[in-house]
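Colleague: Protein chains in written order, with this note's numbering: chain A, 2 to 276; chain B, 1240 to 1600.
Hint data in this document are derived by calculation from the structure and do not stem from the laboratory.
Be careful, since some hints might not be right.
Said to hold, decoys possible - Listed next, with one range per pair, are the computed distances between beta-carbon atoms:
#1 B:GLY1369 with A:ALA20: 29 to 39 Å
#2 A:TRP189 with B:GLY1406: 23 to 33 Å
#3 B:ILE1418 with A:LYS100: 43 to 53 Å
#4 A:LYS100 with B:ALA1298: 11 to 21 Å
#5 B:GLU1528 with A:TRP189: 49 to 59 Å
#6 B:ALA1298 with A:TYR225: 50 to 60 Å
Using N, Cα and C, we set each Cβ at its ideal position, and we do this for glycine too.
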Amino acid sequence: MGMEQQSKGRMLQYYAWVAIVIIYLPVLLLPLFSFNDGRYIAFPIRGLTLKWYIEMFNTPAMHKALWNSIQVAVVTSVLATAIGIFGAKAVTRYRMPGKGPVMFIVMLPLVIPTIVFGTSLLIFVRWIGLDLSLFSIIIGHMIICIPFSIAVLISRFEGFDRALEDAAADLGVGAAGTFFRVTMPLVWPGVIASVLLCFVISFDEFIMAFFLSGSEPTLPVYMYSRMRFPQKLPGVLAMGSLVIMASVVILILAEFFRRRGQDRGIVASGTGLGI
Amino acid sequence: MKTTDDSFVEIQDVTKRFGSVLAVDQADLAIRRGEFFSLLGPSGCGKTTLLRLLAGFEAPTTGAIYIDGDEMSTVPAFRRPTSMVFQSYAIFPHLDVFNNVAFGLRGKGLSSPELKQKVHDALSGMKLDGFENRRANQLSGGQRQRVALARSLVTEPKLLLLDEPLGALDKKLREEMQIELRQLQQRVGITFVFVTHDQEEALTLSDRIAVMNEGQILQVATPHELYERPASRAVAEFIGQMNLLEVEVVDIEADSVTVSCPTLGENKVSVGSSSFRCGQRATLAVRPENLVLDTEVSEGTARVELKASAYYGNTTIYRVAVEGITGETIDISQQDYRGSTTPGTILWLRWDSANFLLLSE
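With the hints as extra help, turn the sequences into a complete structure.
Modeller: Quick look at the structure:
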């Protein structure tokens, strides 16, 4: 490698680091100001304090919102992944007419603006006479999560030899036995990755939750409502910092499980942390 | 329809289409009980599809399959008395060797000691003692294959289906496994259906062979018959080495025809049933080992020029051109030729037309 190429490679590295800093610096301001001993979010930093974290822990409404978010995220991630397993299996295992168009429709929520879905779901839920509740948020979040779940699981289903399922049938084991004794153990890392990914997406999602929550806000909705009161803002920053940390940890775990074993292709690994 | 007594597996007029692709085209086949039966053909000829139809992984588009007298169309794969050894071996990667072999035994009402005993017997039958706790990725190709065989045989199938099981092994191991497979089949006595594209392998192992091409069964015969009397040019091209010469039929008698070609002149060839007409074009098939090279002229020899030779250890293949004829060469396989091997050497080609075979297109 010549000197010229070496310096060119180094320049590209600097460039990449600058890009990363520009992307993540604003996000790092959140935890920074959550330790700031001042009510206003502006430089200079006045001093370090943990009082916003203490205030946050002493706000029952925030606890309630956090608990709502966890409930919604757990139910959404489990249901979306369950549906994703069947979707991914169908796509990778069976010849069926209209597979292309069906997949297109299933994957559509990835590109349709959430606000469009949120509005239409709101109209629909009211029209069929359902009350807005955590349940309606779960429905909305499942629409968003299912395509991600299917995308993660498809790579897992394609990653193993189809003859393994044939072999199980051949050894006298029926469809259900084959599914639980061969298919599930082999796609299990993908299932865990999908659950974690869907959990993070649901937990961080704001727009759907904003439209579909009644009197029970999820954490992002609650945090948004606090924005109008400047004196409450630092508490929100504290909560936001914790959410970022938890999300990053969960996403790293999801990526770890997704990569375990042999893996290829089509996977949406990063998701916008909707904060 | 009842199957005849000696046919254990009967494939009746089976056609399988995948969309517009005709994978198996009106196949008719009867396999006998206890037979080592091979499906031989180039890749894409439909042999694996036929095997998967027997296993129940695919359903025939039309036609019927009987195994041991039972019609199979409504019997799903997991209820069929068949077991398959896959090309990839399909060892369950999340289970160790013991649990791979035990897979088909669980849920069959066996007590734990019974199950253990069966698995251990199956493993020692395959010389796999001590491998119980290994995973697939800790086994060699040959060991994986033996695990796959043990796993299939422990369920006591009536019919063992083998999908190119030796394809992934190197030559030496493949030859060892061929002998082991043959011995195994004789020991357990169950019917084997073996898919391969390797004609040598099929000839070595099989009691009978079905040669397939483009979804059709071209010929069903013993290895000996197939080698000595291929039914068509397509089969002859596929089985062993063969000189195929374009000839014209010039005279017809009761059980023989006389054919003429530029290279070997006129020859009388015996034919079983004479469906040939005078003036018809046909193919004369001559095995390289049925031709002899001489350094001296004698009666009925042709003057040839040596073009090339290739040494194979147990034999040498000589390629010659008949003098005055360009573009067509003849291969001769001979062990005891002691003359010059310099290309351009003039030699004499001797043959006995009793060994010739006349094929219609």
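Colleague: All hints are to be evaluated individually against the structure, with a verdict given for each.
Modeller: Tested hints:
no., hint, result
1, B:GLY1369 with A:ALA20: 29 to 39 Å, "violated (56 Å)"
2, A:TRP189 with B:GLY1406: 23 to 33 Å, "holds (30 Å)"
3, B:ILE1418 with A:LYS100: 43 to 53 Å, "holds (46 Å)"
4, A:LYS100 with B:ALA1298: 11 to 21 Å, "holds (20 Å)"
5, B:GLU1528 with A:TRP189: 49 to 59 Å, "holds (58 Å)"
6, B:ALA1298 with A:TYR225: 50 to 60 Å, "holds (56 Å)"
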